[in-house]
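Read in order, the letters of the sequence shown correspond to residues 45 to 282 in the working numbering.
When the alpha-carbon atoms are kept at most 25 Å apart in a straight line, the in silico DMTMM-like pairs for lysine to aspartate or glutamate are as follows:
id, residue 1, residue 2
1, K176, E64
2, K235, E103
3, K235, E133
4, K212, E251
5, K176, D224
6, K134, E228
7, K212, E250
8, K115, D193
9, K165, E253
10, K176, D56
11, K176, D249
12, K118, D193
In short, the hints are calculated from the structure, not lab data.
Treat the numbers as computed from the prediction; the structure is a model and nothing was measured.
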Amino acid sequence: MCGRFTLASDSDAMNQMFFEFTIPVNLSPRYNIAPTQDVAVITNTPSDTEAPSENRQVEFFHWGLIPSWAKDPKIGNRMINARSETLAEKPSFRSAYRRKRCLILADGYYEWRQIPGDRRKQPIYIRLESRKPFALAGLWETWQPEGADEPLRSCTIITCPPNALLAKIHHRMPVILPQDVYSEWLAPEPKSADALQPLLLPYADEEMEAYPVSTYVNRPTNDSPECIAPFEITQSLN
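I would like the entire structure built from these sequences, with the hints used as guidance.
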(Lines of atoms letter the chains of each structure in order from A and count residues from 1; the text may use other names and numbers.)
(Lines give C-alpha, C1' and ligand atoms only; values in the text may rest on other atoms or scores of the structure.)
Protein backbone atom coordinates (compact mmCIF):
# COMPACT_ATOMS: atom_id res chain seq x y z
CA MET A 1 0.00 0.00 0.00
CA CYS A 2 0.96 3.65 0.08
CA GLY A 3 0.01 5.29 3.35
CA ARG A 4 2.36 8.30 3.54
CA PHE A 5 4.29 10.28 0.97
CA THR A 6 6.21 13.49 0.36
CA LEU A 7 6.14 16.45 -2.02
CA ALA A 8 9.00 18.78 -1.14
CA SER A 9 10.67 19.47 -4.51
CA ASP A 10 11.42 23.07 -5.43
CA SER A 11 9.46 24.94 -8.07
CA ASP A 12 12.14 24.49 -10.75
CA ALA A 13 12.04 20.70 -10.43
CA MET A 14 8.24 20.70 -10.38
CA ASN A 15 7.94 22.88 -13.47
CA GLN A 16 10.48 20.78 -15.35
CA MET A 17 8.64 17.52 -14.64
CA PHE A 18 5.11 18.91 -15.07
CA PHE A 19 5.80 21.54 -17.72
CA GLU A 20 2.44 20.88 -19.42
CA PHE A 21 0.52 21.97 -16.34
CA THR A 22 0.16 25.03 -14.13
CA ILE A 23 2.05 24.53 -10.85
CA PRO A 24 1.41 26.93 -7.92
CA VAL A 25 4.43 29.09 -7.11
CA ASN A 26 3.66 28.89 -3.39
CA LEU A 27 3.50 25.10 -3.08
CA SER A 28 4.66 24.38 0.49
CA PRO A 29 7.10 21.49 1.03
CA ARG A 30 5.42 18.44 2.60
CA TYR A 31 7.48 15.68 4.22
CA ASN A 32 4.76 13.55 5.79
CA ILE A 33 1.50 13.64 3.83
CA ALA A 34 -1.07 11.41 5.54
CA PRO A 35 -4.56 10.07 4.67
CA THR A 36 -7.49 12.52 5.03
CA GLN A 37 -5.18 15.46 4.30
CA ASP A 38 -5.39 17.48 1.08
CA VAL A 39 -3.01 16.38 -1.67
CA ALA A 40 -1.88 17.99 -4.92
CA VAL A 41 -3.56 16.48 -7.99
CA ILE A 42 -4.01 17.14 -11.69
CA THR A 43 -7.27 15.76 -13.03
CA ASN A 44 -8.38 14.71 -16.50
CA THR A 45 -10.98 17.49 -16.46
CA PRO A 46 -9.63 21.08 -16.61
CA SER A 47 -11.10 23.44 -14.01
CA ASP A 48 -11.89 25.86 -16.84
CA THR A 49 -13.89 23.84 -19.36
CA GLU A 50 -12.97 26.29 -22.11
CA ALA A 51 -9.23 25.80 -21.50
CA PRO A 52 -7.17 23.35 -23.53
CA SER A 53 -5.95 20.25 -21.69
CA GLU A 54 -2.40 21.56 -21.41
CA ASN A 55 -3.68 24.35 -19.14
CA ARG A 56 -4.78 21.97 -16.43
CA GLN A 57 -3.61 23.15 -13.05
CA VAL A 58 -2.82 21.62 -9.69
CA GLU A 59 -5.78 21.32 -7.36
CA PHE A 60 -6.07 19.98 -3.81
CA PHE A 61 -8.27 16.97 -3.03
CA HIS A 62 -9.04 15.03 0.14
CA TRP A 63 -6.92 11.85 0.26
CA GLY A 64 -9.34 8.94 0.70
CA LEU A 65 -11.86 8.36 -2.10
CA ILE A 66 -15.52 9.03 -1.25
CA PRO A 67 -17.79 7.69 -4.04
CA SER A 68 -20.60 9.97 -5.17
CA TRP A 69 -23.17 7.47 -3.85
CA ALA A 70 -21.65 7.18 -0.36
CA LYS A 71 -23.90 7.79 2.64
CA ASP A 72 -21.02 8.36 5.07
CA PRO A 73 -17.78 10.16 4.14
CA LYS A 74 -15.86 7.95 6.57
CA ILE A 75 -15.80 5.34 3.81
CA GLY A 76 -12.90 7.37 2.40
CA ASN A 77 -10.71 6.38 5.36
CA ARG A 78 -10.66 2.83 3.95
CA MET A 79 -10.03 3.88 0.35
CA ILE A 80 -6.71 5.67 0.33
CA ASN A 81 -5.45 3.00 -2.10
CA ALA A 82 -7.03 1.04 -4.96
CA ARG A 83 -5.62 -2.20 -6.36
CA SER A 84 -4.86 -1.91 -10.07
CA GLU A 85 -6.00 -5.48 -10.76
CA THR A 86 -9.61 -4.94 -9.62
CA LEU A 87 -10.38 -1.33 -10.59
CA ALA A 88 -12.81 -2.34 -13.32
CA GLU A 89 -14.73 -4.66 -10.96
CA LYS A 90 -15.05 -2.77 -7.68
CA PRO A 91 -18.20 -0.57 -7.44
CA SER A 92 -16.21 2.04 -5.51
CA PHE A 93 -13.70 2.53 -8.32
CA ARG A 94 -14.99 1.32 -11.69
CA SER A 95 -16.79 4.53 -12.70
CA ALA A 96 -13.86 6.75 -11.71
CA TYR A 97 -11.48 4.37 -13.50
CA ARG A 98 -13.28 4.98 -16.77
CA ARG A 99 -13.93 8.69 -16.38
CA LYS A 100 -12.08 10.36 -13.48
CA ARG A 101 -8.37 9.69 -13.52
CA CYS A 102 -5.74 11.97 -12.04
CA LEU A 103 -2.06 12.46 -11.32
CA ILE A 104 -1.15 12.71 -7.64
CA LEU A 105 2.10 14.65 -7.28
CA ALA A 106 4.87 13.25 -5.09
CA ASP A 107 8.63 12.92 -4.83
CA GLY A 108 8.87 9.97 -2.45
CA TYR A 109 6.83 7.74 -0.20
CA TYR A 110 7.19 5.65 2.96
CA GLU A 111 6.71 1.99 3.65
CA TRP A 112 7.08 0.09 6.92
CA ARG A 113 9.07 -3.16 6.89
CA GLN A 114 8.64 -5.78 9.58
CA ILE A 115 11.80 -6.20 11.65
CA PRO A 116 12.54 -9.94 11.93
CA GLY A 117 11.99 -11.23 15.46
CA ASP A 118 10.56 -7.91 16.60
CA ARG A 119 7.04 -6.47 16.84
CA ARG A 120 8.26 -3.12 15.58
CA LYS A 121 8.41 -1.98 11.98
CA GLN A 122 11.20 0.00 10.34
CA PRO A 123 10.08 2.98 8.22
CA ILE A 124 11.69 3.09 4.78
CA TYR A 125 11.78 6.10 2.46
CA ILE A 126 11.48 5.33 -1.25
CA ARG A 127 12.16 7.71 -4.13
CA LEU A 128 13.64 7.93 -7.62
CA GLU A 129 17.43 7.78 -7.78
CA SER A 130 17.28 11.03 -9.75
CA ARG A 131 15.38 12.59 -6.79
CA LYS A 132 12.99 14.15 -9.28
CA PRO A 133 9.28 14.54 -8.49
CA PHE A 134 6.87 12.11 -10.11
CA ALA A 135 3.19 11.41 -10.60
CA LEU A 136 1.25 8.60 -8.94
CA ALA A 137 -1.70 7.18 -10.84
CA GLY A 138 -4.92 8.15 -9.06
CA LEU A 139 -8.69 8.25 -9.32
CA TRP A 140 -10.93 11.04 -8.09
CA GLU A 141 -14.58 11.56 -7.23
CA THR A 142 -16.97 14.30 -6.15
CA TRP A 143 -19.24 13.84 -3.13
CA GLN A 144 -21.90 16.32 -2.05
CA PRO A 145 -22.20 16.66 1.75
CA GLU A 146 -25.77 17.17 2.92
CA GLY A 147 -26.49 20.84 3.47
CA ALA A 148 -23.12 21.98 2.09
CA ASP A 149 -22.79 24.47 -0.77
CA GLU A 150 -19.58 22.99 -2.17
CA PRO A 151 -18.89 19.34 -3.04
CA LEU A 152 -15.98 17.47 -1.50
CA ARG A 153 -13.46 16.22 -4.05
CA SER A 154 -11.41 13.20 -3.04
CA CYS A 155 -8.86 10.82 -4.52
CA THR A 156 -7.14 7.47 -4.12
CA ILE A 157 -3.69 6.18 -5.09
CA ILE A 158 -3.55 3.13 -7.36
CA THR A 159 -1.20 0.33 -6.31
CA CYS A 160 0.32 -2.63 -8.16
CA PRO A 161 2.64 -5.56 -7.37
CA PRO A 162 6.15 -4.39 -6.40
CA ASN A 163 9.28 -4.32 -8.52
CA ALA A 164 12.32 -6.38 -7.49
CA LEU A 165 13.72 -3.68 -5.18
CA LEU A 166 10.49 -3.02 -3.33
CA ALA A 167 9.48 -6.67 -3.04
CA LYS A 168 12.08 -6.83 -0.24
CA ILE A 169 10.06 -4.24 1.66
CA HIS A 170 6.36 -4.71 0.88
CA HIS A 171 4.01 -6.73 -1.32
CA ARG A 172 2.52 -3.63 -3.01
CA MET A 173 3.79 -0.34 -4.41
CA PRO A 174 2.06 2.77 -5.80
CA VAL A 175 1.86 3.06 -9.58
CA ILE A 176 4.41 5.69 -10.63
CA LEU A 177 3.54 6.84 -14.14
CA PRO A 178 6.33 7.63 -16.63
CA GLN A 179 6.18 11.19 -17.89
CA ASP A 180 5.41 10.08 -21.45
CA VAL A 181 2.05 8.53 -20.46
CA TYR A 182 0.62 11.49 -18.52
CA SER A 183 -1.49 12.62 -21.47
CA GLU A 184 -2.80 9.13 -22.10
CA TRP A 185 -3.77 8.64 -18.45
CA LEU A 186 -5.46 12.05 -18.36
CA ALA A 187 -7.40 11.61 -21.61
CA PRO A 188 -10.81 13.22 -20.93
CA GLU A 189 -12.88 10.65 -22.81
CA PRO A 190 -13.98 7.43 -21.06
CA LYS A 191 -11.41 4.63 -21.34
CA SER A 192 -11.76 0.87 -21.10
CA ALA A 193 -9.79 -1.33 -18.71
CA ASP A 194 -8.07 -2.92 -21.72
CA ALA A 195 -6.71 0.48 -22.73
CA LEU A 196 -5.63 1.52 -19.23
CA GLN A 197 -4.23 -1.64 -17.61
CA PRO A 198 -0.96 -1.58 -19.64
CA LEU A 199 -0.14 1.75 -17.95
CA LEU A 200 -0.43 0.35 -14.42
CA LEU A 201 2.93 -1.38 -14.12
CA PRO A 202 5.64 -1.47 -11.44
CA TYR A 203 8.19 1.29 -12.01
CA ALA A 204 11.70 0.22 -13.07
CA ASP A 205 13.58 -0.90 -9.96
CA GLU A 206 16.97 0.26 -11.28
CA GLU A 207 15.68 3.84 -11.26
CA MET A 208 14.60 3.78 -7.62
CA GLU A 209 16.27 3.77 -4.21
CA ALA A 210 15.13 2.98 -0.67
CA TYR A 211 16.72 3.66 2.70
CA PRO A 212 15.71 3.51 6.39
CA VAL A 213 14.49 6.62 8.19
CA SER A 214 13.72 7.12 11.86
CA THR A 215 10.39 6.48 13.56
CA TYR A 216 10.02 10.27 13.74
CA VAL A 217 7.89 9.89 10.59
CA ASN A 218 5.43 7.63 12.41
CA ARG A 219 3.68 10.66 13.89
CA PRO A 220 1.67 12.42 11.12
CA THR A 221 2.09 15.81 12.79
CA ASN A 222 5.85 15.63 12.24
CA ASP A 223 6.38 17.32 8.89
CA SER A 224 9.98 18.43 8.39
CA PRO A 225 13.13 17.35 6.52
CA GLU A 226 13.98 15.15 9.52
CA CYS A 227 11.33 12.70 8.22
CA ILE A 228 13.50 11.76 5.23
CA ALA A 229 16.91 11.89 6.96
CA PRO A 230 18.77 8.56 6.58
CA PHE A 231 18.77 6.41 9.71
CA GLU A 232 21.47 3.82 10.31
CA ILE A 233 20.33 0.32 11.24
CA THR A 234 22.30 -2.87 11.57
CA GLN A 235 20.07 -4.99 9.32
CA SER A 236 20.35 -4.80 5.54
CA LEU A 237 17.42 -4.29 3.22
CA ASN A 238 18.52 -7.30 1.17
